[in-house]
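6 protein chains.
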Amino acid sequence: MRSFQRGVLDLRPVTLTPGVSRHAEGSAQVEFGHTRVLVTCSVEERVPPHLMGKGTGWVTAEYGMLPRSTHTRSPREAAKGKQSGRTMEIQRLIGRSMRAAVDLAAMGPRTFTLDCDVIQADGGTRTASITGAYVALVLAMRNLNSRGVMSKMPKLTPLAAVSVGVVGGEVRVDLDYEEDSSADVDLNLVATGDGRIVEVQGTAEHKLFDRKMLDSMLDGGLAAIQKLTEAQAKVLG
Amino acid sequence: MRSFQRGVLDLRPVTLTPGVSRHAEGSAQVEFGHTRVLVTCSVEERVPPHLMGKGTGWVTAEYGMLPRSTHTRSPREAAKGKQSGRTMEIQRLIGRSMRAAVDLAAMGPRTFTLDCDVIQADGGTRTASITGAYVALVLAMRNLNSRGVMSKMPKLTPLAAVSVGVVGGEVRVDLDYEEDSSADVDLNLVATGDGRIVEVQGTAEHKLFDRKMLDSMLDGGLAAIQKLTEAQAKVLG
Amino acid sequence: MRSFQRGVLDLRPVTLTPGVSRHAEGSAQVEFGHTRVLVTCSVEERVPPHLMGKGTGWVTAEYGMLPRSTHTRSPREAAKGKQSGRTMEIQRLIGRSMRAAVDLAAMGPRTFTLDCDVIQADGGTRTASITGAYVALVLAMRNLNSRGVMSKMPKLTPLAAVSVGVVGGEVRVDLDYEEDSSADVDLNLVATGDGRIVEVQGTAEHKLFDRKMLDSMLDGGLAAIQKLTEAQAKVLG
Amino acid sequence: MRSFQRGVLDLRPVTLTPGVSRHAEGSAQVEFGHTRVLVTCSVEERVPPHLMGKGTGWVTAEYGMLPRSTHTRSPREAAKGKQSGRTMEIQRLIGRSMRAAVDLAAMGPRTFTLDCDVIQADGGTRTASITGAYVALVLAMRNLNSRGVMSKMPKLTPLAAVSVGVVGGEVRVDLDYEEDSSADVDLNLVATGDGRIVEVQGTAEHKLFDRKMLDSMLDGGLAAIQKLTEAQAKVLG
Amino acid sequence: MRSFQRGVLDLRPVTLTPGVSRHAEGSAQVEFGHTRVLVTCSVEERVPPHLMGKGTGWVTAEYGMLPRSTHTRSPREAAKGKQSGRTMEIQRLIGRSMRAAVDLAAMGPRTFTLDCDVIQADGGTRTASITGAYVALVLAMRNLNSRGVMSKMPKLTPLAAVSVGVVGGEVRVDLDYEEDSSADVDLNLVATGDGRIVEVQGTAEHKLFDRKMLDSMLDGGLAAIQKLTEAQAKVLG
Amino acid sequence: MRSFQRGVLDLRPVTLTPGVSRHAEGSAQVEFGHTRVLVTCSVEERVPPHLMGKGTGWVTAEYGMLPRSTHTRSPREAAKGKQSGRTMEIQRLIGRSMRAAVDLAAMGPRTFTLDCDVIQADGGTRTASITGAYVALVLAMRNLNSRGVMSKMPKLTPLAAVSVGVVGGEVRVDLDYEEDSSADVDLNLVATGDGRIVEVQGTAEHKLFDRKMLDSMLDGGLAAIQKLTEAQAKVLG
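Chains as they are written, first to last, in my numbering: chain V, 3 to 239; chain C, 3 to 239; chain A, 3 to 239; chain B, 3 to 239; chain U, 3 to 239; chain Y, 3 to 239.
Chain V with its partners taken away, still in its complex shape (with noise of 0.2 angstroms):
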């Protein structure tokens, strides 16, 4: 039995939490189940030294976890000096999310930091915080515009994330921590409402897998990102 007593196709009870921090322009909670991420947007009046004088605006992500967010402490990587490979892919990973939700062009020359810091894992931070981070860039937008200083609102392209795994034979959706070390198959997708897809990342941890065995991942992360993206419609009003 799965955990929260769903089924191979269902997410975990999501829950996302708007306007957590009182200094961010942007910010945004988000819970996958047991796994929990702040995502905080902030905004600077500047962008890197490539797009200077381009007009065009940045998007950018930074992720972390917390060293007890893990089942056993991980150490901190504030303290070892160095980022892992791991936490740069994640990061690069939401980082082009999030510039796949929104036009660059039109927002301005200013950059968009979002934050994802991991307060509790459970399997699927990377996707929860792709999740949660599209509701705090939103917030963060709306931000600006209601203070005039985005004087109109950048296109925007709703999306979300959720992980696809194959454990026993079975396609499974937003799998936990337990299914995840486990999972033959992990396969995490970023896409639209409408089954658009921004990235797919499908690694063969234990098994190959084949074309038929993909769509079955495809249409079930696909079907779940819908509903994700309808949870961030009802929050963002």
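Check before you lean on any hint, since a few could be wrong.
In silico lysine-lysine, DSS-like type, Cα no more than 25 angstroms apart, as pairs [unchecked claim]: (1) Lys-84(C) with Lys-82(B); (2) Lys-56(Y) with Lys-209(U); (3) Lys-84(U) with Lys-84(B); (4) Lys-209(C) with Lys-82(B); (5) Lys-157(B) with Lys-82(C); (6) Lys-82(Y) with Lys-82(U); (7) Lys-157(B) with Lys-82(B); (8) Lys-82(V) with Lys-84(U); (9) Lys-82(U) with Lys-84(C); (10) Lys-82(A) with Lys-84(Y); (11) Lys-82(Y) with Lys-82(B); (12) Lys-229(Y) with Lys-214(U).
Hints are computed from structural coordinates only; laboratory data are not their basis.
Given the coordinates of chain V, work out where chains C, A, B, U and Y should sit on it, guided by the hints.
Here is chains C, A, B, U and Y on its own, set in the frame of chain V:
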């Protein structure tokens, strides 16, 4: 008027929420007004090299701020590749304070690591961290004791911490960020509920201070710490 | 017209040169058009800490670009003192792929390290690296086997990798740097010659993509990989 | 019996040697018994970014120990690639103390850097550093003033520092290494000759301390500091 | 017998292959027997800060070894996060030598960076690097000159480098790895074809050496360098 | 006229002060004119991994400059987080020279670390370091021998070092900073009193040099080194 309509020697509303982490042996969220710190206590069955074979245990602490816990975003220390002097100073203070709270020789050859991560900052993050860390430490010890891992609870010395400052010639307790920025003197005090001092660190930020002013600050600080240890006792049962 | 006068689903000229290093247990130089990667496989008779005493072996990879392998010089990572997120992401991908190519439990408690160093870059350095790394890995295993160090060859799963992109609405295989820079979608595929997938990583660079487009990219990619595994088989005899 | 046949509230023999560097704008060697610190004051005609355009100056400090200044050799921080938390804490303390000694607004937009390098350590290196740094700072200012670079001397507040400890229940001033290692309480005090406090940092190393004990420590420390400021005045003429 | 059946004062077979990189302004692969180094010369239209506004140019070098260029794999410096002392020493030597080869004042305010990457090592990697770097540097300058970027070729001083050692009491030129490991004296010489010295670095590895031995080493080294500069001249036309 | 009214082949006033550290097993302060270096020799009863179990000992060196030992302040390497190439090059030179001075096989499985810290720099810091390090090394060995830790003194080869330069066409010995900055050729020589060479490193800074010039420099350098070894002998008794 001070935030939360309080008097010069009053604390901000204090909330101590125990058991906020599914994974950590002990944990607590502590709020001093808008300052919010998540503390987890992780236990490892080994000690640092200099204590090996001595039978004694160790308590240490790490401290971090989420990048947007502050009014404007601060660069992530993990991305910069090093911890600031301020971070190191604070985590050394927390570690020393917690070692004063427990009989190291009686807790067995194990290490308790207190991770204090600032979710939201509004002044007093180090004093809130210490106050919450004591709770998380005790909960972790009870956890080990109840599971039979640590057969006997070591002797504990309840302690807490508060900031005191001189603002406009007036002694104030538990300063928020705005007060802290304009204080002439900044003092951090760690002590027991019955007035024994663990640490005192006073700094003349803009004006030197005399013995009489120091005495007033200590009076105010120790009274506030008594209230904090009462709040800890209530939470710890 | 594409470089090398090829069709949209054609590979660039592929050259696999085995045994290019006097020192390494296995080695190969791989060229995909003007992209040239030197792969060496080094063997150590020990395993990482988490595998000690389990009898199983390990395969890992490192990736680097010579500073002027690129159109304009990139700073040397050794001089900067850290590897970029892109480097880490690529070497993690190569390592995972190679671990899928071999039965780790049957290769003895030893580590095979695949160093993939890009001598000249013109798009597709990660896919060329994987394709060459498989050759270097097999050669290193044969070397150990022929010298009696590894008594039995472990089971091998021949695999290769190729990039696929959407350029101007058209699916193209094995993109060079210029095509890669203007592609709307960028997909890297690692698979076996008979169409089983090891890794799929697709990214919407400028345009989202639907299931039909993904199917076309997978069709093109898998067909190309079949040709690459044939080239590997020819070289490996 | 204490080292140098002194009473519990006596300083070790103190030597302040001004002008020990041919290159620095100001310099002093300070000895507290066997503790020997070389302090240089370097002046740059620029200020840190956060002060640019404000007309005010800046004073900062760096601290280091030669590897064999200590009883057993400590690893060189430059070779380890980072400064310890202790080093950072001490140099932050010295910097704050020196900024309290001078009117920053009146010294022009320039930076004074105090390098305190411990040649030989026997307890009290931070307090010796502060005591010597004040001398080096004043000498550097006089140097600039006499050369017409700084037209007017800024207002100076003479200050010095001393350690105080509780050893065997007894308050002692200016602890050497052996006393420091066995002290129950360790307090560092920075103050002016007339008893105004700049910094007070007291730590319960093995036993908590009460207000009465703190008062005794402050009495002893302030009396010693008065003697140190007299020694400074003698050297500075 | 020496490798390649050569006499004590003979070079190993030397191969200089110009133009091996599609991207670099100048490049050469150099082989001294089994030692193989790829040198690229990259040009930037700017100079280091200390030369800004002086009209003069700059030549610098970086050096690296592929992890498995050596007999046993060496850790990748980019992964370790720092360059070894040996690497720094060698790249400083190459840079100084190349600056001696060209009139910096006449080459315009631009920087030529010589990247010397060791593909395969068998002794003499620094001398091969210098010998190849001269070729790459000249080719880059001709490239700029022919494209009209640098209107006039600066004055060039052809130079090359060779190692000399004392093995078993006998002076030998151009040592391979095995000879190098057992040499009593190790000397690296950088000079012009007509015998003027740019750098001489001699080290007593196991036996001190007298003036007479030094003279024999210089005789052998300078004769070999004459042959190397002839090989360079042939390649450069 | 040269500093200290000396002839072109004369040394600056040389002072060797033994036993300047209370803690180190051996120590010496060395002055070549205004250049002043503090050398300590620390002994550990263990050897680096590559020498374990071989019975032989090891001698190594580290070098550092106090930030304001130079004319203008140099950034502290510990604060920058890495040692410069120059630092590494110099400490490698000192270490090699000291290993040539002693029979490693006869000194037991222990490590002697020579810390050479430049208190004040005026040219020739590396040659002064080597000259002083020999004294500190011998004193440390005598210390161990007299305490019975090392039962027999290993064979020692007295050696010293000096810089030689060509300034205005004239060979000069022991250059100060000003001469060094304008020298056409810069040569550092490490040798024994009887003229056997340990290290020779000559660099054409602005003009190439021929064999005859090299001979003159060696003549001058070796004569000066003879005087330095006499000074060492006097101090060592």
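* Are the Cα positions of Lys-209(C) and Lys-82(B) separated by 25 angstroms at most? -> Not satisfied, since the Cα-Cα distance of roughly 38 angstroms exceeds 25 angstroms.
* Keeping to a limit of 25 angstroms between CA atoms, is the pair of Lys-157(B) and Lys-82(C) held or broken? -> With a Cα-Cα distance of about 38 angstroms, the restraint between Lys-157(B) and Lys-82(C) is violated, given a limit of 25 angstroms.
* Starting from Lys-56(Y), check that the Cα of Lys-209(U) is at most 25 angstroms away, please. => Holds, at roughly 21 angstroms.
* Asked: Are Lys-157(B) and Lys-82(B) close enough, with their CA atoms no more than 25 angstroms apart?
  -> 40 angstroms, violated
* Quick one, are Lys-82(A) and Lys-84(Y) close enough, alpha carbons at most 25 angstroms? -> 11 angstroms, holds
* Distance restraint between Lys-84(U) and Lys-84(B), which requires alpha-carbon spacing of 25 angstroms or less -> Since the Cα atoms of Lys-84(U) and Lys-84(B) sit roughly 13 angstroms apart, the hinted pair holds (cutoff 25 angstroms).
* Asked: Are Lys-82(V) and Lys-84(U) close enough, with their CA atoms no more than 25 angstroms apart?
  -> 15 angstroms, holds
* Asked: Given the proposed pairing of Lys-82(Y) with Lys-82(B), does the C-alpha separation stay at or below 25 angstroms?
  -> Given pair Lys-82(Y), Lys-82(B) holds - Cα atoms ~11 angstroms apart, limit 25 angstroms.
* Given hint Lys-82(U) paired with Lys-82(Y) - CA-CA distance at most 25 angstroms -> At roughly 17 angstroms apart (the allowed maximum being 25 angstroms), Lys-82(U) and Lys-82(Y) satisfy the hint.
* **Pair hint outcome, Lys-82(U) versus Lys-84(C) [Cα-Cα no greater than 25 angstroms]** => With a Cα-Cα distance of about 16 angstroms, the restraint between Lys-82(U) and Lys-84(C) holds, given a limit of 25 angstroms.
* Holds or violated: Lys-84(C) to Lys-82(B), with C-alpha atoms at most 25 angstroms apart -> Answer holds: Lys-84(C) to Lys-82(B) is near 13 angstroms, not above 25 angstroms.
* Can the restraint linking Lys-229(Y) and Lys-214(U) be considered satisfied, given a maximum Cα separation of 25 angstroms? -> Distance ~22 angstroms between Lys-229(Y) and Lys-214(U) Cα, so the pair holds.
Going through the hint list in order, the structure does not satisfy hints 4, 5, 7.
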